[in-house]
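2 protein chains.
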Amino acid sequence: MTIAIVGGTGPQGSGIGLRLALAGETVILGSRDGERAASEAAKLTSEHAPLGVITGANNRDAVASADTVILAVPYKGHEELVGGLADVIGHKLVVSCVNPLSFDKQGPVGTQIPDLSAAEEAARLLPEANVTGAFHHLSAVNLHKVETDLSHEDVLVCGNDESGKAEVMRLASLVTGGRGIDVGALRLARHLEPFTAVLISVNKKYRTNSSVALTGVPETGEK
Amino acid sequence: MTIAIVGGTGPQGSGIGLRLALAGETVILGSRDGERAASEAAKLTSEHAPLGVITGANNRDAVASADTVILAVPYKGHEELVGGLADVIGHKLVVSCVNPLSFDKQGPVGTQIPDLSAAEEAARLLPEANVTGAFHHLSAVNLHKVETDLSHEDVLVCGNDESGKAEVMRLASLVTGGRGIDVGALRLARHLEPFTAVLISVNKKYRTNSSVALTGVPETGEK
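Residue numbers (full-length UniProt numbering), protein chains in the order written: chain A, 1 to 223; chain Y, 1 to 223.
Derived by calculation from the structure, the hints in this document are not laboratory data.
The list treats identical chains as interchangeable, and a pair is accepted whether it falls inside one copy or across any two copies.
Cut-off 25 Å, straight-line C-alpha distance, at most; resulting in silico cross-link-like pairs (SDA-like, lysine to any residue):
| # | residue 1 | residue 2 |
| --- | --- | --- |
| 1 | K205 | E219 |
| 2 | K204 | S151 |
| 3 | K105 | A140 |
| 4 | K204 | H152 |
| 5 | K92 | A38 |
| 6 | K205 | S173 |
| 7 | K92 | S65 |
| 8 | K76 | R60 |
| 9 | K145 | G216 |
| 10 | K105 | T208 |
The following block holds chain A by itself, in its conformation from the complex (with noise of 0.2 Å):
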């Protein structure tokens, strides 16, 4: 199983790449630019020696040769961007972890979309693709801090597709060592995405890097 990484230069997006790879996962950094992508990868290659792979190519290519694509892109241009490779996508497996945040001077705030959600959103632009919401609370500082251990941290899954959420969750063990926990339909995305806005205003707050975790679900997350 091959996972691409659309934005896979930024910090999210890199940070899961690279946890994705050190777990043993094939993994393509995608980007606009794939010079600066494969650059990347093979920066992360030579720091981390991880026991997967990791390379890098543009968004197309590198969406063209996975099975499953991961949406790591600010919201800003996600219409275009996802849009322009909804044929490459086809009916493949989507995590979206794109979170339509906004900043001015009272901190961030979730920003209000016509979908309401950009999982939502991505799954009206690729309407043959099993889109699913997940990873959108971790730290990019403490995904890229590899000896930093995230296994108390929970990843909250979305979807409508019991077997594409399930797969997911198996993605998010590999990320944190811990547990992924399915909360629901996709629609969730919509609470999901802006609590991305109360963490980091915490972050601002505490001067440290939150993430959630939830309370009274059995420690190893199964139903």
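Given the coordinates of chain A, assemble chain Y onto it according to the supplied hints.
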């Protein structure tokens, strides 16, 4: 300091009131029906013999006697109910734990409302009051099981006034035995409130009563 709970006979309101009274606070449960509130207060008192005092009254009388007002009402009817109390609420500290949620065959989801959150709606209806948001994510079931330790559950507090939030964080510590976390501006209530839909969905899938904890924040919640 006396705390009025508007909607204090509902499961969430009475649970918060019970926990506050157990911690020694003076609580007045408010209800549209003052006799029903008095009856609920007498029942909680006889069952739990709290250190503090719980009484009941109609919402207006409860608010008039209180320093702090907790809004624990269903979103349906929120505007009329809260707007109708504006004169007795005046400049008081207000804590909204209202969750505007909808339910259909896909499960729970946040309701899109004109003010974007119930807390912001309350701030519009109560222009003189010091409005905060908190207590959205505590399970009413667990609040009433007084032997259940809630200290690992974080109470996320938002508001635009630091002294108001400090008092709400004090109340949060009394309710859970754990900590409140100042997440930032009042408008972040628009992300705290519908996150409850995620928790309710998880509760159904995993047959539990989930809540939220943030990782990475210093244990005491000190800034």
